[in-house]
Amino acid sequence: MLSNIAFFKTINNKISTILQDALNGKNTKYQLYFHNDINIIDLVSKKFLYPKGYFLEISKKLSINPLNNPLWNIYSNNLRLNSIENLGITANAINNIVSLAKNIDTALYHLPPLFLPQTNIFGLCGGLFLELLLESGYSFHSLLIYEEDPELFAISCYFIDYEKLFAKVSPKSCYIFIESLVNKALLNHYFYSKKITNNFLRLELSAFKSDKLEAIKNITNETYKANARGWGSFEDEMIGLKNTLLNLKKAKLINLDSKLNVPICVVGSGPSLEMNLDFLKNNSSKMLIFSCGTALKILKANNIRVDFQIEIERVPYLSNVLIESNLDSTPIICASLVDSKVLSLSKEVYLFMRGGSSSSYILENITPIEFCAPFVGNAGFSLACILSDEIILCGMDCGYIKGKSKHSSGSYYGDEKAEIPKDCFKVKGNSNLEVFSNSIFSLSKESFSLAIKYYKPKKVYNIGFGAYINGTQTAINLNLSSTINKDIYNSFNVISNIKLKDNLKKDMLDLISTLKIMLDIEIDSKQELFCFIDNLSEFLAKSSFNKPHSGILLEGSISHILQNILIYILTIKKNSIKPYFKACKKILLEALDSFAKEVTSSIN
Numbered sequence: 022m023l024s025n026i027a028f029f030k031t032i033n034n035k036i037s038t039i040l041q042d043a044l045n046g047k048n049t050k051y052q053l054y055f056h057n058d059i060n061i062i063d064l065v066s067k068k069f070l071y072p073k074g075y076f077l078e079i080s081k082k083l084s085i086n087p088l089n090n091p092l093w094n095i096y097s098n099n100l101r102l103n104s105i106e107n108l109g110i111t112a113n114a115i116n117n118i119v120s121l122a123k124n125i126d127t128a129l130y131h132l133p134p135l136f137l138p139q140t141n142i143f144g145l146c147g148g149l150f151l152e153l154l155l156e157s158g159y160s161f162h163s164l165l166i167y168e169e170d171p172e173l174f175a176i177s178c179y180f181i182d183y184e185k186l187f188a189k190v191s192p193k194s195c196y197i198f199i200e201s202l203v204n205k206a207l208l209n210h211y212f213y214s215k216k217i218t219n220n221f222l223r224l225e226l227s228a229f230k231s232d233k234l235e236a237i238k239n240i241t242n243e244t245y246k247a248n249a250r251g252w253g254s255f256e257d258e259m260i261g262l263k264n265t266l267l268n269l270k271k272a273k274l275i276n277l278d279s280k281l282n283v284p285i286c287v288v289g290s291g292p293s294l295e296m297n298l299d300f301l302k303n304n305s306s307k308m309l310i311f312s313c314g315t316a317l318k319i320l321k322a323n324n325i326r327v328d329f330q331i332e333i334e335r336v337p338y339l340s341n342v343l344i345e346s347n348l349d350s351t352p353i354i355c356a357s358l359v360d361s362k363v364l365s366l367s368k369e370v371y372l373f374m375r376g377g378s379s380s381s382y383i384l385e386n387i388t389p390i391e392f393c394a395p396f397v398g399n400a401g402f403s404l405a406c407i408l409s410d411e412i413i414l415c416g417m418d419c420g421y422i423k424g425k426s427k428h429s430s431g432s433y434y435g436d437e438k439a440e441i442p443k444d445c446f447k448v449k450g451n452s453n454l455e456v457f458s459n460s461i462f463s464l465s466k467e468s469f470s471l472a473i474k475y476y477k478p479k480k481v482y483n484i485g486f487g488a489y490i491n492g493t494q495t496a497i498n499l500n501l502s503s504t505i506n507k508d509i510y511n512s513f514n515v516i517s518n519i520k521l522k523d524n525l526k527k528d529m530l531d532l533i534s535t536l537k538i539m540l541d542i543e544i545d546s547k548q549e550l551f552c553f554i555d556n557l558s559e560f561l562a563k564s565s566f567n568k569p570h571s572g573i574l575l576e577g578s579i580s581h582i583l584q585n586i587l588i589y590i591l592t593i594k595k596n597s598i599k600p601y602f603k604a605c606k607k608i609l610l611e612a613l614d615s616f617a618k619e620v621t622s623s624i625n
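Quick note on this note's numbering: the sequence shown kicks off at 22 and runs consecutively.
Simulated from the structure, these hints should not be mistaken for lab results. Glycine included, C-beta positions come from ideal geometry on N, C-alpha and C. Keep in mind that the hints are not guaranteed to be accurate.
As the list claims (entries may be wrong) - Below are the DSS-like pairs computed for lysine-lysine, each with C-alpha atoms no more than 25 angstroms apart in a straight line:
(1) K595 / K189
(2) K233 / K449
(3) K233 / K447
(4) K449 / K427
(5) K537 / K618
(6) K185 / K270
(7) K603 / K568
(8) K423 / K447
To be verified - Derived DEER-like restraints, expressed as beta-carbon distance ranges:
(9) N89 / Q494: 46 to 54 angstroms
(10) K35 / L610: 44 to 52 angstroms
(11) D531 / A27: 44 to 52 angstroms
(12) Y75 / E549: 54 to 62 angstroms
(13) K595 / E345: 50 to 58 angstroms
(14) E235 / L207: 45 to 53 angstroms
(15) K67 / K280: 53 to 61 angstroms
Go ahead and model the full structure; you've got the sequences and the hints to work with.
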């Protein structure tokens with residue numbers, strides 16, 4: 022205990038104080054128990070946490086080969102080696118990696134002896150098993166520990182040498198949460214800081230069960246799944262870049278920098294939309310209606326006036342969808358990267374730079390609008406946050422409502438079955454209906470919450486029956502009071518002097534050259550591979566932050582290729598991987614050459 026007090030005093034004095042209080046006998050909830058046995062007693066209920074006489078036996082069982090121990094769970098985020106289509110260079114690289122594994126059982130993964138992938142432990146219950154793992158020589162790629170009570174964590178300090186534990190985890194990769202996961206950003210950072218390696222194998226243990234631990238497990242699982250989405254690809258980014266360069270010559274680019282004193286209702290095509298049609302009809306004159314994507318068809322079919330249609334997709338068939346949805350003369354606010362045919366569909370078309378895409382950062386002195394992904398509804402909401410302090414979310418369900426189809430009836434998607442996909446997990450609903458989410462819905466929900474924190478609108482009402490969104494107010498029976506003036510075009514600041522950044526092509530080619538230099542390396546073991554992928558991923562993330570026009574262009578595809586390299590090499594039984602990595606490196610270098618050729622031919 023004393024050594025742990027000294028250790029935590031150097032990194033977190035609050036924990037050190039908790040431990041000192043425990044040492045001084047100030048425990049009021051839990052106490053270590055010694056009487057012909059070792060146990061932990063709940064001082065309130067007077068019950069033991071372990072069956073009498075089984076503390077050592079259970080701890081030893083938990084410490085035996087976690088990767089093949091039924092007391093532990095292991096997940097893979099449903100990732101496997103699979104051929105893909107329609108992504109040109111990226112698909113070619115991934116398919117070549119898949120071909121390397123054609124004679125290997127890709128359903129089995131082989132980690133080095135005594136090396137554990139990212140590991141999540143929910144409740145230490147003394148933690149002796151963890152110390153036994155350390156004494157056996159185990160190390161962790163990354164480790165997240167959650168203990169629900171400070172006194173329980175203090176008890177673990179009698180058994181676990183935390184300084185040794187931190188030394189057995191990759192640098193800056195041991196996260197300990199005590200009592201409450203109030204900072205969701207730290208949990209996001211745990212997964213995102215090792216975006217690729219923490220996206221695959223995940224080892225999990227619950228030493229005991231409680232409602233709080235189950236809630237934390239669900240949040241962690243949701244974050245793990247969300248990390249798998251939204252990576253993008255070079256091919257999609259190039260389409261967006263080419264579209265943007267063309268569209269900037271054809272339509273008005275607007276800068277939204279002033280608030281409107283009107284409510285804005287942002288409408289998506291979730292099943293809640295059909296449950297709120299009466300609200301939209303009764304209040305359409307009292308708010309601006311932003312129709313997002315495929316919500317348009319339902320609104321038009323119900324004679325609800327749409328003030329602006331919001332679009333962000335690059336897909337070439339988008340114009341056909343809008344025509345089929347009876348767009349008519351509805352004004353369009355669209356991301357600069359949409360297919361150019363969309364611009365001819367309305368007399369009033371306005372462009373904005375959609376944050377998170379390479380093409381949005383190619384102009385001087387233009388601030389992109391952030392939190393516009395993964396769905397068009399996220400973009401519509403961010404636009405509304407900039408324009409208004411009172412926003413209403415309708416049909417933004419961020420999940421599947423039990424007993425309802427995925428989209429509102431009458432949508433572009435036609436008839437859909439009311440079923441919950443197998444990869445979904447239950448989440449808190451915005452009403453009394455059961456709601457289930459998956460990785461991409463979870464990412465969308467998180468994007469809404471981040472937009473609220475970033476743009477700080479005063480009121481955000483959610484009138485839907487889908488997932489609860491942090492930062493919103495549930496308002497199932499909302500009524501608006503007064504009719505508004507909908508002539509807001511004077512609030513759109515049209516940018517006339519558009520200037521591309523200098524050295525766009527050079528920055529992109531320089532990044533490719535730097536990546537080639539970083540690939541001039543030999544990897545002999547799987548531990549080295551994990552570190553190499555983390556280093557390359559961190560470099561790409563920094564590139565996307567510092568020079569997003571080049572970093573975002575490449576980060577998604579390279580991340581996908583690295584993910585497949587990791588999966589492939591972990592199917593190999595031995596830990597000596599030098600020739601296997603060499604073959605993968607050749608594939609990645611060829612992809613980089615192809616990226617460079619495409620950039621050279623596409624950008625002046």
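Give me the numbers of the hints this structure contradicts, sorted from smallest to largest. 6, 7, 12 and 14
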